[in-house]
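Novice: These are the residues of each chain, in order.
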Amino acid sequence: MKINHHADDATIMAYAAGTVSEGFSLLLTAHMEVCSHCRERMSLASDLGGELLCEVEPARMSQEGLSNVLSAIEADIIDPVTPFKSPSASSDMASVLMEYVPRGLDELPWQRLMPGIRQYQLTGVESGNGSVRLLSISPGIRIPHHTHLGGELTLVIEGAYEDEIGHFKAGDLADLDASCNHQPVAVGNKPCICLIATDDKLRFTGLLSRMVQPLIGI
Amino acid sequence: MLAVTKLFNESENMTAIPVSDTRTWLRSVAERRDRHAFEQLYGYFAPKIKGYMLRQGADDASADDLAQETMVQIWRKANHYDPQKAAVSTWVFRVARNLQIDRMRKLKFYEVALNTEASSTLENLQHNEQLEHRTDTDKLRKLIGELPEEQMEVVQLAFFEGLSHSEVSCRLSIPVGTVKSRLRLAFGKLKIGMGEKI
Ligand SMILES: [Zn+2]
Numbered sequence: 001m002k003i004n005h006h007a008d009d010a011t012i013m014a015y016a017a018g019t020v021s022e023g024f025s026l027l028l029t030a031h032m033e034v035c036s037h038c039r040e041r042m043s044l045a046s047d048l049g050g051e052l053l054c055e056v057e058p059a060r061m062s063q064e065g066l067s068n069v070l071s072a073i074e075a076d077i078i079d080p081v082t083p084f085k086s087p088s089a090s091s092d093m094a095s096v097l098m099e100y101v102p103r104g105l106d107e108l109p110w111q112r113l114m115p116g117i118r119q120y121q122l123t124g125v126e127s128g129n130g131s132v133r134l135l136s137i138s139p140g141i142r143i144p145h146h147t148h149l150g151g152e153l154t155l156v157i158e159g160a161y162e163d164e165i166g167h168f169k170a171g172d173l174a175d176l177d178a179s180c181n182h183q184p185v186a187v188g189n190k191p192c193i194c195l196i197a198t199d200d201k202l203r204f205t206g207l208l209s210r211m212v213q214p215l216i217g218i
Numbered sequence: 001m002l003a004v005t006k007l008f009n010e011s012e013n014m015t016a017i018p019v020s021d022t023r024t025w026l027r028s029v030a031e032r033r034d035r036h037a038f039e040q041l042y043g044y045f046a047p048k049i050k051g052y053m054l055r056q057g058a059d060d061a062s063a064d065d066l067a068q069e070t071m072v073q074i075w076r077k078a079n080h081y082d083p084q085k086a087a088v089s090t091w092v093f094r095v096a097r098n099l100q101i102d103r104m105r106k107l108k109f110y111e112v113a114l115n116t117e118a119s120s121t122l123e124n125l126q127h128n129e130q131l132e133h134r135t136d137t138d139k140l141r142k143l144i145g146e147l148p149e150e151q152m153e154v155v156q157l158a159f160f161e162g163l164s165h166s167e168v169s170c171r172l173s174i175p176v177g178t179v180k181s182r183l184r185l186a187f188g189k190l191k192i193g194m195g196e197k198i
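So the protein lines, in turn, are chains A and B.
For the first sequence, the residue numbers in the working numbering are 1 to 218.
For the second sequence, the residue numbers in the working numbering are 1 to 198.
Hints are computed from structural coordinates only; laboratory data are not their basis.
The C-beta atom is built at its ideal place from N, Cα and C for all residues, glycine as well.
Incorrect hints may have been included.
[As the list claims (entries may be wrong)] Restricting the straight-line Cα-Cα distance to at most 20 angstroms, the calculated cross-link-like pairs of lysine to aspartate or glutamate (DMTMM-like) are:
1) 189/B x 163/A
2) 108/B x 162/A
3) 191/B x 8/A
4) 189/B x 102/B
5) 85/B x 136/B
[To be verified] Simulated coverage check for chain A against chain B, where a stretch passes if three residues somewhere in it have a Cβ under 8 angstroms from a Cβ of chain B:
6) 18-28
7) 32-42
8) 45-52
9) 67-75
10) 102-113
Please construct the entire structure, taking both the sequences and the accompanying hints into account.
Specialist: This is the structure we're talking about:
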C-alpha cells in the first residue's frame, strides 16, 4: 500500500512515550499496521525511550523485591506465552479495528448526522473529553468548517477525501493540530469512511467550535 | 538468595554494564529460563524501572510494586524479545511503559508489533548475534547527549513525567507549537544521526 500522509514526528514521540490517548493509540496502531515508514520512526522513538530508561536515576528496590518477583515466577504453572498480535493479511480492515467492527463497516448501526454524513461512535475506547468515531461521507459532501483546538487524527479506511493539504486515500493519516482549519470533501464514487480520534485534552472554547460540536461532534 | 540480593543492592548505581551483557542475560532467560541471568537483569533494570515509575508520579511503594511486576513480565515474555528488532533497553522500556499506562492511567494502549517475526525469535537469538544493536545504541546515546538543553527538556517531560504536548506547554509556559517543534528538531537530529531514511 502506497501511503502518502503520515503521523507527525511529535505525535510519534508522544506515542512512544505513552502520553497519547487510548483513541490515538488505536488509530496510530491501525495506521502502522500498513505503514512501515511510521513503524520505523516508532522504533527509533522507542529506542530513545530505552536509552532514557538506562540513564534514569535508579531508585533502591525494597529488600523483599527480588524474592517477591522470584516467588511470582515460581508460581507460574506453565510459562504463559502471550504472542504479539500480528497484522492480519486476510482483511482490508486493520486487525486492531476488527474488535470494534467485527462484522464489517456495512453492518454498523450508522447514525445519520446530516444529509450525506453518517457516524458511528466507537464504544469502549477511553477518550476523556475527546472521541473516537467513524464517519462515512458521501462523494461530493463537504464536512462543515471546523477548527481544531487540540489534536485530531484522521485515518482513511475506505474511499478518499481532499482538503487544502492534499488527497487522502485508504491508509493515509492526517495529523492535524490547532493551527489547521480545513474543509475536507469526499471524492471518488463511493463514500469516504474515516476513523477520527480527537485528543482527550481537547477543550472547545471557540464560538465556532461550540456551534459545530453538537452538530458533528468533532 | 540473601547474598545475591545484597550484591545487587550494592551494584544498583553501577550503570556501565555493557549492552551485550543485558542481551546475554535476556537470551539465557528466554532459552534456558535461567534464574541467575534473570537476577542479573533484575539488578540492572529493576532500580531504573522504579526510578522511571517514580518520575511518572508513583509513590515509593507503588513504584517498587510496578518495577517488580515489570520484571515478572520480562520473565514471562522473554521469548518474544527479538534482538534484530530492538535493543534490550527498548524492549524493557516498552514493557515498563505499557504497565505504567495500564496501572497508573488505567488505559488500554494499542501498539503495533514492531517485531513481526515473533515466531522465529529463538532462532534469531541463536544465529543472528552479529546483527546486534550495540553500535546503534552507542551512537544513539551519543546523539541524545548532544541534544540542546531546551530540546532535551521537552523530551524528558514526555518520556519521564508522562506529560502530553499540552501539559508540557503549560509546565514550561510555552506554546504547544513550540513544544512540538522542539520535539521535531530533537527527533530530526536522531533520525539523521542514525542514518535512517525516515
Ligand atoms: Zn505512516
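Novice: How does the stretch 18-28 of chain A fare against chain B when you require at least three residues with a CB closer than 8 angstroms, holds or violated?
Specialist: holds (count 8)
Novice: Check whether three or more residues of the stretch 45-52 of chain A sit with their beta carbon closer than 8 angstroms to a beta carbon of chain B.
Specialist: holds (count 8)
Novice: For a C-alpha distance cap of 20 angstroms, please report whether residue 189/B and residue 163/A respect it.
Specialist: violated, 31 angstroms
Novice: Residue 85/B and residue 136/B were given as a pair; does the straight-line alpha-carbon distance stay at or below 20 angstroms?
Specialist: holds, 12 angstroms
Novice: Regarding the pair residue 191/B and residue 8/A, is the alpha-carbon distance no greater than 20 angstroms?
Specialist: Distance ~13 angstroms between residue 191/B and residue 8/A Cα, so the pair holds.
Novice: Compare the distance between the alpha carbons of residue 108/B and residue 162/A with 20 angstroms, and conclude whether the hinted pair is satisfied.
Specialist: Answer violated: residue 108/B to residue 162/A is near 32 angstroms, above 20 angstroms.
Novice: Please work out if residue 189/B and residue 102/B have their alpha carbons no farther apart than 20 angstroms.
Specialist: Judged against 20 angstroms, a Cα distance of about 31 angstroms means the pair is violated.
Novice: Can you confirm whether chain B covers the stretch 67-75 of chain A, using C-beta to C-beta distances below 8 angstroms and requiring at least three such residues?
Specialist: It holds, with 6 qualifying residues against the three required.
Novice: Within the stretch 32-42 of chain A, is the number of residues with a Cβ closer than 8 angstroms to a Cβ of chain B three or more?
Specialist: holds (count 7)
Novice: When I compare C-beta atoms, does the stretch 102-113 of chain A have three or more residues closer than 8 angstroms to chain B?
Specialist: violated (count 0)
The structure does not agree with the numbered hints 1, 2, 4 and 10 stated previously, though it agrees with the rest.
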